[in-house]
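There are 2 protein chains.
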Amino acid sequence: MPNPDFSVEPWRLRECTLNLDLLAQAESLFALSNGHIGWRGNLDEGEPHALPGSYLNGVHEVRPLPYAERGYGNPEDSQTVINVTNGKVIRLLVDDEPLDLRYGTLVSHERTLDFRTGLLTREIHWVSPAGKAVKVRSTRLVSFTQRAVAAIGYEVEAVDKTVRVVIQSELIANEEQPAQSDDPRSSAVLARPLAAVMHAAHGTKAVLVHRVEHSGLGVAAAMDHTVSGEDELPCRTEVEPDLARFSVGNRLEPGQKLGFAKFVAYGWSSTRSVPALRDQVEAALAAAKVTGWDGLVAEQKEFLDRFWRDADVEVDGDAEVQQAVRFALFHVLQAAARGERRAIAAKGLTGPGYDGHAFWDTEMLVLPVLTYTYPEAVAHALWWRHDTIPLAQDRAAQLGFDGAAFPWRTITGLECSGYWPAGTAAFHLNAAIAAAVTRYVSASGDEEFAAAAGIALLVETARLWRSLGHHNSEGRFCIDGVTGPDEYSAIADNNVYTNLMAKKNLMAAYEYVHRFPDRARELGVGEEEAAAWHDAAKAVLVPYDEALGVHPQSDGFTRHQEWDFARSEYPLLLHHPYFDIYRKQVVKQADLVLAIMQCPEEFTPEQKARDFDYYERITVRDSSLSACVQAVVAAEVGQLQLAHDYTAEAALMDIADLEHNTADGLHIASLAGAWIALVNGLGGLRQDGGMLRFAPRLPPGLSRLKFTVRQRDSRIRVTVTPSSARYEVDGPDELTIVHHGQTVRLDSVQELAIPPAPRVRPSEQPPGRAPRRRDVED
Amino acid sequence: MPNPDFSVEPWRLRECTLNLDLLAQAESLFALSNGHIGWRGNLDEGEPHALPGSYLNGVHEVRPLPYAERGYGNPEDSQTVINVTNGKVIRLLVDDEPLDLRYGTLVSHERTLDFRTGLLTREIHWVSPAGKAVKVRSTRLVSFTQRAVAAIGYEVEAVDKTVRVVIQSELIANEEQPAQSDDPRSSAVLARPLAAVMHAAHGTKAVLVHRVEHSGLGVAAAMDHTVSGEDELPCRTEVEPDLARFSVGNRLEPGQKLGFAKFVAYGWSSTRSVPALRDQVEAALAAAKVTGWDGLVAEQKEFLDRFWRDADVEVDGDAEVQQAVRFALFHVLQAAARGERRAIAAKGLTGPGYDGHAFWDTEMLVLPVLTYTYPEAVAHALWWRHDTIPLAQDRAAQLGFDGAAFPWRTITGLECSGYWPAGTAAFHLNAAIAAAVTRYVSASGDEEFAAAAGIALLVETARLWRSLGHHNSEGRFCIDGVTGPDEYSAIADNNVYTNLMAKKNLMAAYEYVHRFPDRARELGVGEEEAAAWHDAAKAVLVPYDEALGVHPQSDGFTRHQEWDFARSEYPLLLHHPYFDIYRKQVVKQADLVLAIMQCPEEFTPEQKARDFDYYERITVRDSSLSACVQAVVAAEVGQLQLAHDYTAEAALMDIADLEHNTADGLHIASLAGAWIALVNGLGGLRQDGGMLRFAPRLPPGLSRLKFTVRQRDSRIRVTVTPSSARYEVDGPDELTIVHHGQTVRLDSVQELAIPPAPRVRPSEQPPGRAPRRRDVED
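Chain order of the listed sequences is A and B. Position in the first sequence (first residue = 1) + 88 = the working numbering. Position in the second sequence (first residue = 1) + 88 = the working numbering.
Don't read these hints as lab results, they were simulated from the structure. Heads up, a few of these hints could be off.
[As the list claims (entries may be wrong)] Each computed DSBU-like pair below joins lysine-lysine, with the alpha-carbon atoms no more than 35 Å apart:
#1 A:LYS794 - A:LYS672
#2 B:LYS345 - B:LYS293
#3 B:LYS626 - B:LYS672
#4 B:LYS592 - B:LYS672
#5 A:LYS389 - A:LYS223
#6 A:LYS592 - B:LYS389
#7 B:LYS672 - A:LYS696
#8 A:LYS672 - B:LYS592
#9 A:LYS672 - B:LYS672
#10 A:LYS672 - B:LYS696
#11 A:LYS626 - A:LYS696
#12 A:LYS592 - A:LYS672
#13 B:LYS696 - B:LYS592
#14 A:LYS626 - B:LYS672
#15 A:LYS672 - B:LYS626
#16 B:LYS626 - B:LYS592
#17 A:LYS293 - A:LYS223
#18 A:LYS223 - A:LYS345
#19 B:LYS389 - B:LYS345
Construct all of the structure, not just a fragment, from the sequences and the given hints.
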């Protein structure tokens, strides 16, 4: 399962040779981002490439959505992330030959992404077709501390002969891309999305400003350079509408080096003028230059030291998972750190997959991890949702409902989903937003956010649920015709997950309007409205199949025909029609099992065990969002080996390219799922209002698990061994937790025994769909 | 409700003035067709026009179907009817002015479609802007007896001054059309679909041959002329790739006339060569010229005399319905008469609506009418389905099922539906085909058809049903996740209509394989397979809501929220999302009520009354297929006034343009529904195997209803008055019928009393959705 091209090391991802077949995957794995700027791990010299990628969070183009048959409420347009001005490119001429690894002799090539420094380093030893050897070392960063800035340290050295080298450092707009759509109208829109507005160069500095044609966004990119080594080298800066180029050259004796630092700054705006945009990026550039290359590197390390102090997870006994969970946390941080009131996309800023859209998995899987490791980013992500409330209210009104209906997929907050049974109908995403609000507020104690944005999100989503559901003739509150998390079912009545999450949503809104009565008045919530939410929540219908003793995922689900796994081809959605998939008992991703994870109080232990076992048999995991959830519930019901196996699957999703599409960008939610599998799964973490519950248990293959959970202004550091768990509070708060059902005050370090796991028969998965079993290390 | 532009007359539709606002509707109403050729009622001079329309059944172009999000099994391409070479155009120059009714003075203008002669006549009295008056008379026919031929008699007369006239008779290919699609790829394909292949002219004759670019079909059109009056007039024939023009001119003294007959022949083929196609149309033209204008007119009358003898329905007491049902029967005949192994499209050949596709309503509503009035056409239509079995088998295999899955919408038999929840999922269409087979065979006694095509259709559809359904844990046969006839519900389990029709389909296949054991062997049906059909049919699940005492349309339907009619805008599908429509209790068109009509033996009289009342309250009739079905069941449950009201709605659909889209073509199935409402509804006709049942009852407004039902080689003529029904057999067969439950041998004329109707409370419809009440005439 692990990829032999990457070495297994605890704190870094290292590629030891250049494998052109893995170019696209490596571009995603080695992507750098701070949540605002995203640079795929393209080679410095630009080519060969699979997908050149430079992204700015929020910068997109608008393209038409086509339909074979129209329907009321179908979005007319979608939004697609576009490749902005590429500031990564540094080309090198060695005598008469451009450095191009497809030619000449590559003596060695190594790239390393270091999770503690945040640097991507690359070392090349190359002999040109004419026999001239050079060593090149580049180091790339996208700054966590200076949001608009990325930088590259670049150095070339002559090895054994004198060589004449020229280095060209560039900004390139409208770089040629593989086609992103087979709709010719979309392709046309996306082919050259940037219209040149201004360009200028002074000394070692250049700036390009463009406008995105249909979305109208302004995008500015600027670069500046600090050449090291000899002074007075011949250098030159040229600029055209779509190209800026800084060149420097020298004649290098063996062992002699030529290098520079390249600083790149980006900015974009839907409103600011061209001069204002230009000034903004040049100012950012000036600040970066003042900090200097070494300063940026030092700031990056300092930022990450702080992050890892709270976020690190230590896993003894599975070196691959140890590496993968740090890789995962690093990329989750990169996706979110400086998003600042913009969405966190499904692929972060690592590739164009899913058009750069954000989905519900942000709130369901990514924000929970950040809530306990880097909560600053959670507030920003939820403020973004808050800022889109007017769009979501318009959407709800268009559909005929009250409150706000947030989009299934979007960049700006406008619905971009073109297939409503698996888009608009998946209203559960609104409850995921509400759950993210209450989880964040409970964990952080951020009452200011709660009163400002949190309550507004809860109220608007509660209004939506109240208008979506109805009381049946027995007074039970039913939500009909919706699609739950499992995308292999659709348009069903009383999806258990949706109903239970709506219940939580309605209850949370009810609590918040009583906690913040003034804000409730501002939001127009009266006693009657709040009481209606409370009534609906208390009356929510949860179907149960008495004959089988399990919860049907939705009304009637367990009465449906069993799927014929013998004739399945995977992923099912590419080989079988939705018609047939929807009406049979086959599950793409955890749905009822996600309900168990999210609403543990709604199920008895026996129900959890039976339900989990039932759904394991029919869950095919054609979604990367599933393994981590199955890991959590597997751990809860005592199937610890299975929990370990699913943990590894979630964590290795991209390093091992398990779904064969890491090329398009990383699966940020699955990576977040690695932490969830370990901490919520093996650590048994649940948050129940202000109270944290743990129920840690290790699978046979692991000897120790250590993690930290941020809670208010403190950190709870938890170390789990096979027999006991040690809890330590670092911070000012007096905290009480529950350990395996036992309430414990953490006023000192507590070392508590772990009760033996219940003996359970291992569940079966569909034929061929069991996760790869982790070997127990001796 | 009646349109004042059209006079109410029993045997014709007459437009007394030219209303340019009604141009598009009139083009559809006055369309002529024989089921092979279709000519919209465009003005002879070509302009003004709304939609120029000349169609050949089966001639189509292929265009791409776009999707916002792809799904396995979605058809990549659709087929669209195209406007073939226009042979209708005859332009007239009056001195220096072209006859154009938008200019000059229109003294009078009258068009008449005569249902007994099959001729569309037009009389114009026009004064040119220069003050020159002419009278023009044109008579148009599309021949029922010479399938490839249409013809026009044209004559111009000088009124009070000497005028110089030139008449130009044309064939025009690639006439400019209003855009048919807002997908630019489709529009491009459809803009100029005909690529010129050859053109020629000799004497008064010309021929154009084209090829349809993507479908590859060859299309040939030819014309010839017989000029009447003086010999030796100067005339001339010119031809270009997309235009052929015959011109004749003269100087006319007041009262003097110039005229000619124009003969047009069409042919098309996917396989024949260009010379063969050309020869085919020129041969047809030669035959028509030999018959001559008067001969064609006489043949047309003779053909229609025969038709009306068996098909006419007399309605005393409602002159509008009397006219409308004859209009309806005339157009149903036109759509089907010479289809000959081609589809009968939803709009016939009267307009481009629905892309020229055929749907299930052909088998459900059109073929039943033809079965009892013109069964020759039914065999042809079902042979067409038979010929498409290989395509339907491929589609079933693609979807993962056995047997044949016929397309929801198509021209050639390939699925063209781009929205699967209301397309592919509506598998009930397969049962409609099976029901059409058994109905036709029972009524006609056509055992040859039954053994050749009928059994193949039954076996393949039975195989489909067996693989679509499954036995649940109680052994009941369930069909999950399908869409029934009501397009305001979708993807539901155990749709009652679908399940009952599948049952009929399975039982019929079981019977046929025992009736034709050799054919069954050829089709590979063994005892085990047939037994499995029988078991499934016997075990079919029919959900019933015990609490409400009604059948839910599908599982759970009656538990759904009630639709909020107070905030409805109609048609709902243009103002409310499918998401919300699907999950609430609102019905577009008869679904459970259609089950009552099609499977009357499955419901008790009490259930019929309760079910009908329940669904009346929630049925909005946003489909033209609904009123006639509601009429039938309204009559059965004793709501005779309502049956009359719905009958009128079905019959007047196009004359009164009730859905505001007659412009795109006539609603052939709704027109067929006029007959169904009168004969199956007020006449109470049901066929139960070889036995015909009648239960006639007249509403207060009607004093007499007379209709004929063809049965084997005989005709049963039925005359209904308020108190009695008279049955008379014309033909060789010994027939037994059931009259209001009483079995009667029709060896002589039988006059039987009609029992009094049960007293029932009239049902309510949704607010504002009751049909317009027919006034009782005094």
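Inset, instruction - Starting from the hint list further up, note which numbers the structure goes against and sort them upward. - result: 1 and 6
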